[in-house]
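Number of protein chains: 2
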Amino acid sequence: MSKKELALGIDIGGTTTTFGFVDHDGNIIVESQFLTHAEDHVTTYLPRLYDAIDELMTQLEEDTSVVGIGIGAPNANYFRGTVENPPNLKWGGVINLVELMEKKYKIPAVITNDANAAALGELKFGAARNMKNFILITLGTGLGSGIVVNGDIVYGHSGFAGEMGHLIVNPEGRICGDGRRGCLEAYVSVTGIRRTVSKLLADYLVSSELREVSQAELTGERITQAALKGDKIALEAFEYTGQILGQKLADTVLITSPEAIILFGGLANAKDLIFEPTLRHMEHTLFGPFKGTVKLMMSELQSQNAAVLGASGLIWHELDKRAKSGEQV
Amino acid sequence: MSKKELALGIDIGGTTTTFGFVDHDGNIIVESQFLTHAEDHVTTYLPRLYDAIDELMTQLEEDTSVVGIGIGAPNANYFRGTVENPPNLKWGGVINLVELMEKKYKIPAVITNDANAAALGELKFGAARNMKNFILITLGTGLGSGIVVNGDIVYGHSGFAGEMGHLIVNPEGRICGDGRRGCLEAYVSVTGIRRTVSKLLADYLVSSELREVSQAELTGERITQAALKGDKIALEAFEYTGQILGQKLADTVLITSPEAIILFGGLANAKDLIFEPTLRHMEHTLFGPFKGTVKLMMSELQSQNAAVLGASGLIWHELDKRAKSGEQV
Numbered sequence: 001m002s003k004k005e006l007a008l009g010i011d012i013g014g015t016t017t018t019f020g021f022v023d024h025d026g027n028i029i030v031e032s033q034f035l036t037h038a039e040d041h042v043t044t045y046l047p048r049l050y051d052a053i054d055e056l057m058t059q060l061e062e063d064t065s066v067v068g069i070g071i072g073a074p075n076a077n078y079f080r081g082t083v084e085n086p087p088n089l090k091w092g093g094v095i096n097l098v099e100l101m102e103k104k105y106k107i108p109a110v111i112t113n114d115a116n117a118a119a120l121g122e123l124k125f126g127a128a129r130n131m132k133n134f135i136l137i138t139l140g141t142g143l144g145s146g147i148v149v150n151g152d153i154v155y156g157h158s159g160f161a162g163e164m165g166h167l168i169v170n171p172e173g174r175i176c177g178d179g180r181r182g183c184l185e186a187y188v189s190v191t192g193i194r195r196t197v198s199k200l201l202a203d204y205l206v207s208s209e210l211r212e213v214s215q216a217e218l219t220g221e222r223i224t225q226a227a228l229k230g231d232k233i234a235l236e237a238f239e240y241t242g243q244i245l246g247q248k249l250a251d252t253v254l255i256t257s258p259e260a261i262i263l264f265g266g267l268a269n270a271k272d273l274i275f276e277p278t279l280r281h282m283e284h285t286l287f288g289p290f291k292g293t294v295k296l297m298m299s300e301l302q303s304q305n306a307a308v309l310g311a312s313g314l315i316w317h318e319l320d321k322r323a324k325s326g327e328q329v
Numbered sequence: 001m002s003k004k005e006l007a008l009g010i011d012i013g014g015t016t017t018t019f020g021f022v023d024h025d026g027n028i029i030v031e032s033q034f035l036t037h038a039e040d041h042v043t044t045y046l047p048r049l050y051d052a053i054d055e056l057m058t059q060l061e062e063d064t065s066v067v068g069i070g071i072g073a074p075n076a077n078y079f080r081g082t083v084e085n086p087p088n089l090k091w092g093g094v095i096n097l098v099e100l101m102e103k104k105y106k107i108p109a110v111i112t113n114d115a116n117a118a119a120l121g122e123l124k125f126g127a128a129r130n131m132k133n134f135i136l137i138t139l140g141t142g143l144g145s146g147i148v149v150n151g152d153i154v155y156g157h158s159g160f161a162g163e164m165g166h167l168i169v170n171p172e173g174r175i176c177g178d179g180r181r182g183c184l185e186a187y188v189s190v191t192g193i194r195r196t197v198s199k200l201l202a203d204y205l206v207s208s209e210l211r212e213v214s215q216a217e218l219t220g221e222r223i224t225q226a227a228l229k230g231d232k233i234a235l236e237a238f239e240y241t242g243q244i245l246g247q248k249l250a251d252t253v254l255i256t257s258p259e260a261i262i263l264f265g266g267l268a269n270a271k272d273l274i275f276e277p278t279l280r281h282m283e284h285t286l287f288g289p290f291k292g293t294v295k296l297m298m299s300e301l302q303s304q305n306a307a308v309l310g311a312s313g314l315i316w317h318e319l320d321k322r323a324k325s326g327e328q329v
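From first to last, the protein sequence lines are chains A and B. Under my numbering, the final residue of the first sequence carries the number 329; numbering is consecutive throughout. Under my numbering, the final residue of the second sequence carries the number 329; numbering is consecutive throughout.
Just to be clear, a hint being listed does not mean it is correct.
Said to hold, decoys possible - Using 30 Å as the maximum straight-line C-alpha spacing, the simulated DSBU-like pairs for lysine-lysine come out as follows: (1) 90/A - 106/A; (2) 321/A - 132/A; (3) 271/B - 199/B; (4) 271/B - 295/B; (5) 324/A - 324/B; (6) 132/B - 295/B; (7) 321/A - 132/B; (8) 321/A - 321/B; (9) 295/A - 132/B; (10) 295/B - 132/A; (11) 291/B - 90/A; (12) 4/A - 104/A; (13) 90/B - 291/A; (14) 324/B - 132/A; (15) 321/A - 104/B; (16) 132/A - 321/B; (17) 232/A - 199/A; (18) 132/A - 132/B; (19) 132/B - 324/A; (20) 324/A - 321/B.
FYI, nobody ran anything at the bench for these hints, they're computed from the structure.
Chain A with its partners taken away, still in its complex shape (with noise of 0.2 Å):
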């Protein structure tokens, strides 16, 4: 009898490296992880991750095989297999992990950014299975997408895709990230819905608990915990992140016409909080062909194996798109 084969999916963050064995079906052999240390150069950093693989390894059973390794990683190009200058590593340039990995470990690589190695754990193993057309939105410190169109990621032809999170909400709105100005992500994800509980601090003069609460401090849990309660500051913010959410949603909606829009990370597990603002913006935005073709999901992967799942769902969707097409691995 053949081996049984195994993925190695490896997500790359700025504080954690996660990295994984995950077979065809999704289940997670085994699974480590380790700190990434970002101020580290990239050649002090892959020993780490090497060593940490070959020992997470020893664990496998001897009736396996590793047949190809998935990366999720900021500011990766899936065209060229590099990491380029992501601001949140200081790796150095331009690193071409998948040459690095393939020649280390002479099985085929793949890599891609966090978002949208998310979207291919939800194709392959949550939420999409089945889907061809679909949107993945992660909601966390920034807002990131992962497009999904006839069965496929859309790279585009500069292989950076799908970057919703710098949608533009106002050519006059609030200071992004990258210093541009009414961005998407500035609005919408754990960041942007802190700056809205600020500026209707700001602007009502309402009791609310958040009143006692600093910025910095103020997280998506503790807002949801509020709305929960009925504060009605917290509950304007997620209305407020919902219609410009929804608004931005019913646009997209006319590019890709998706079956679904799935949601992940942080502020989607403020559950119906934003859900339902967001669709019911969406609903009351779109043109008029679409209304009511489009499901607003939770994403079915969970939280703490989504990121490994991900990247592991990237590379087995590579590797059945090359044996579709009858490329040679």
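Go by the hints and put chain B onto chain A.
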């Protein structure tokens, strides 16, 4: 020797139906047209269409073979093969034109809207030859768009993807033909720039030859002529139109990251008057990684042939796809 293969391309407009036989290289062998008579029921229209096709077919040489039919029509659904309640054709409900044509002529037929057909015309025979990712925008009475990702039109889950004319510029903006407010085509189209001229004539006192023309008489050409003579209102109307188009294109680039955006139709013929401000505002608005990655191009299809080339491009593209995937046609 095998017979020379031809496709039949049919473009059904509210005023005119244009059709012709086109070879695989985009040469129109013969072409004809007749008045659509939009007020006719489809049961009256179809016999006229069949007669016109049959008559034109007698002009084909004997060593030719017609292998497929491509149809561009309003409110067409590629998946269902239907024309669905177009506001400008009184055909009566949902008509499965693909089924009717395949039954009549015993060859494969495909249908889509005119902007998607135009995009496939550019892909097969025009400015987008060899491109995998681009957007075609038609600037006529309204604004239509066809979006190509990974070498194929994006139809999306609903079959209606690529409706950029209804992107929202401003939720409190101009009333659009569909009753909503602030749609892109209420600003960026021949109709849109005409409305912009009226607004500028209201807002400013500067002298302008356009004060002598009624809104109903104001054509894209008339505004272009005035702008070329330095008329300040006409120039400002192009600047404003380019600003709004450029800003919305910058949003769209974040979604699909095209190699090029191709402009076609009435307003596009104003050339630099519309291209220069559009490109300038798009580049100004674009998120950093996308700056300089997108070409803004003029359509390479001649206006008078574009409709038939687009419709035949649709069926040639479909036949190529089916041959590639090994499907029986």
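Right, here's what the structure says about each hint:
1. Between the alpha carbons of residue 90/A and residue 106/A the distance comes to roughly 27 Å, so the proposed pair stays at or under 30 Å and holds.
2. Taking the CA atoms of residue 321/A and residue 132/A, the gap is near 14 Å; set against the 30 Å cutoff, the hint holds.
3. A threshold of 30 Å between alpha carbons decides the hint, and for residue 271/B with residue 199/B the separation of about 23 Å falls inside it, so the pair holds.
4. At roughly 14 Å between alpha-carbon atoms, residue 271/B and residue 295/B fall within 30 Å of each other, so this suggested pair holds.
5. Note on residue 324/A and residue 324/B: the hinted pairing holds, with a Cα-Cα distance of about 13 Å set against a maximum of 30 Å.
6. Our distance criterion of 30 Å between C-alpha atoms is met by residue 132/B and residue 295/B, whose separation comes to about 14 Å.
7. Under the criterion of a C-alpha separation no larger than 30 Å, the hint pairing residue 321/A with residue 132/B is consistent with the structure, at around 18 Å.
8. The hinted pair formed by residue 321/A and residue 321/B meets the criterion: a straight-line CA distance of about 17 Å does not exceed 30 Å.
9. Using a Cα cut-off of 30 Å, the hinted pair residue 295/A and residue 132/B holds, with the two alpha carbons roughly 29 Å apart.
10. A C-alpha spacing of about 29 Å is found between residue 295/B and residue 132/A, which places the hinted pair at or below 30 Å, so the restraint holds.
11. Distance check on the hinted pair: residue 291/B and residue 90/A sit about 24 Å apart at the alpha-carbon level, within 30 Å; holds.
12. Note on residue 4/A and residue 104/A: the hinted pairing holds, with a Cα-Cα distance of about 22 Å set against a maximum of 30 Å.
13. A C-alpha spacing of about 24 Å is found between residue 90/B and residue 291/A, which places the hinted pair at or below 30 Å, so the restraint holds.
14. For the hint pairing residue 324/B with residue 132/A, the CA-to-CA distance comes to about 20 Å; that is within 30 Å, so the pair holds.
15. Under the criterion of a C-alpha separation no larger than 30 Å, the hint pairing residue 321/A with residue 104/B is inconsistent with the structure, at around 38 Å.
16. Annotation: proposed proximity of residue 132/A to residue 321/B holds, straight-line Cα distance about 18 Å (limit 30 Å).
17. For the given pair, residue 232/A sits about 13 Å from residue 199/A by alpha-carbon distance, which is consistent with the 30 Å threshold.
18. Simply put, residue 132/A and residue 132/B have alpha-carbon atoms about 19 Å apart, close enough for the 30 Å limit, and the pair holds.
19. Using a Cα cut-off of 30 Å, the hinted pair residue 132/B and residue 324/A holds, with the two alpha carbons roughly 20 Å apart.
20. Restraint check for residue 324/A and residue 321/B: satisfied, since their Cα atoms lie roughly 15 Å apart, inside the 30 Å limit.
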